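**Q** Sequence order for the protein chains is L and B.
For the first sequence, the working numbering gives the first residue as 1, with consecutive numbering after it.
For the second sequence, the working numbering gives the first residue as 1, with consecutive numbering after it.
Hints were generated in silico from the structure; no laboratory data involved.
Only a predicted model underlies this, so the values are computations on that prediction, with no experimental measurement involved.
Among the clues, some could well be false.
To be verified - In the DSS-like style, the derived pairs of lysine-lysine whose C-alpha atoms are separated by at most 30 Å in a straight line are:
#1 Lys17/L / Lys42/B
#2 Lys106/B / Lys79/B
#3 Lys11/L / Lys106/B
#4 Lys42/B / Lys11/L
#5 Lys15/L / Lys103/B
Here is how the chains run, residue by residue.
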Amino acid sequence: GAGVSQTPSNKVTEKGKYVELRCDPISGHTALYWYRQSLGQGPEFLIYFQGTGAADDSGLPNDRFFAVRPEGSVSTLKIQRTERGDSAVYLCASSLWAGGPYNEQFFGPGTRLTVL
Amino acid sequence: RKEVEQDPGPFNVPEGATVAFNCTYSNSASQSFFWYRQDCRKEPKLLMSVYSSGNEDGRFTAQLNRASQYISLLIRDSKLSDSATYLCVREKGGSQGNLIFGKGTKLSVKP
Chain L
1 GAGVSQTPSN KVTEKGKYVE LRCDPISGHT ALYWYRQSLG QGPEFLIYFQ
51 GTGAADDSGL PNDRFFAVRP EGSVSTLKIQ RTERGDSAVY LCASSLWAGG
101 PYNEQFFGPG TRLTVL
Chain B
1 RKEVEQDPGP FNVPEGATVA FNCTYSNSAS QSFFWYRQDC RKEPKLLMSV
51 YSSGNEDGRF TAQLNRASQY ISLLIRDSKL SDSATYLCVR EKGGSQGNLI
101 FGKGTKLSVK P
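Looking at chain L on its own, in the form it has when it is part of the complex (with noise of 0.2 Å):
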C-alpha cells in the first residue's frame, strides 16, 4: 500500500521567503508527526498531531514555524521569513495512534529545504 508522501521533495528558496512543505500520511493513521534532520545529525521533533489537534508542539523552534491538519489527515508545515539556519531534511511520519513501543511510525521520504 502506498506509504507516507511529502512534497516537495525539494525545495530552494531565499532567505525571508515563505514556505509550505505537505505531507500525506498513510491511510487510516491518526498521529502524524514532524521532524527535521540536518547533515550527521538524528531528526530533531517538531511537532506531532493525534488527529486534528498538535498534541505536542514543544520542538518547534520558534514562531515563525507553525503546523497545521485541519481534517486529521493531511499535515502542512509552514515556515515564515525563512533563514538560512532552516536548511535541512523536513521528514514526516504517521502511525496509527501516538505512542508506546508498538505503534511504529513511518518516515516519509522527507522534503529538502535548502535556504539561499
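Knowing the structure of chain L, use the given hints to seat chain B on it.
**A** Positioned in the frame of chain L, the structure of chain B alone reads:
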C-alpha cells in the same frame, strides 16, 4: 549528558562479523526505546523496539538496562546489506510520540 548519545563510528567490519553498538540516554522517565536504521539519503525505518527483557529478531538482538540508562544492539553474521546508520531512539517521558534520536552510528560491512 546528551539526551541520547551514540558513538558515531564508522564501524568498518568484514562480512560475517559480529558488531555491537551502544547507546546511553539521560532521562529515566522514558518508557519506550527503539533502534531505527537509515540508509544514505533515505528516511529512517524501524529496525526493532527494545524491551527490558531483551529481544531478538533474527540476527539482531537488542538489550535495555534501565538502571544504567543504556541500550545496545548486536548484529551477528553481518551482511553487506546491513551497511547503514543505526539510530538509537527513546520516547520522551510524558509525551508519547515525541521521539528523541541519537546522531546515529555508521556501519560499513565490507566483502
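**Q** So, for every hint listed, does it hold in this structure?
**A** Going through the hints against the structure:
1. Lys17/L / Lys42/B: holds (27 Å)
2. Lys106/B / Lys79/B: holds (14 Å)
3. Lys11/L / Lys106/B: holds (27 Å)
4. Lys42/B / Lys11/L: Holds. Lysine 42/B to lysine 11/L sits at ~17 Å (cutoff 30 Å).
5. Lys15/L / Lys103/B: holds (27 Å)
Hint compliance for this structure: no hint is broken.
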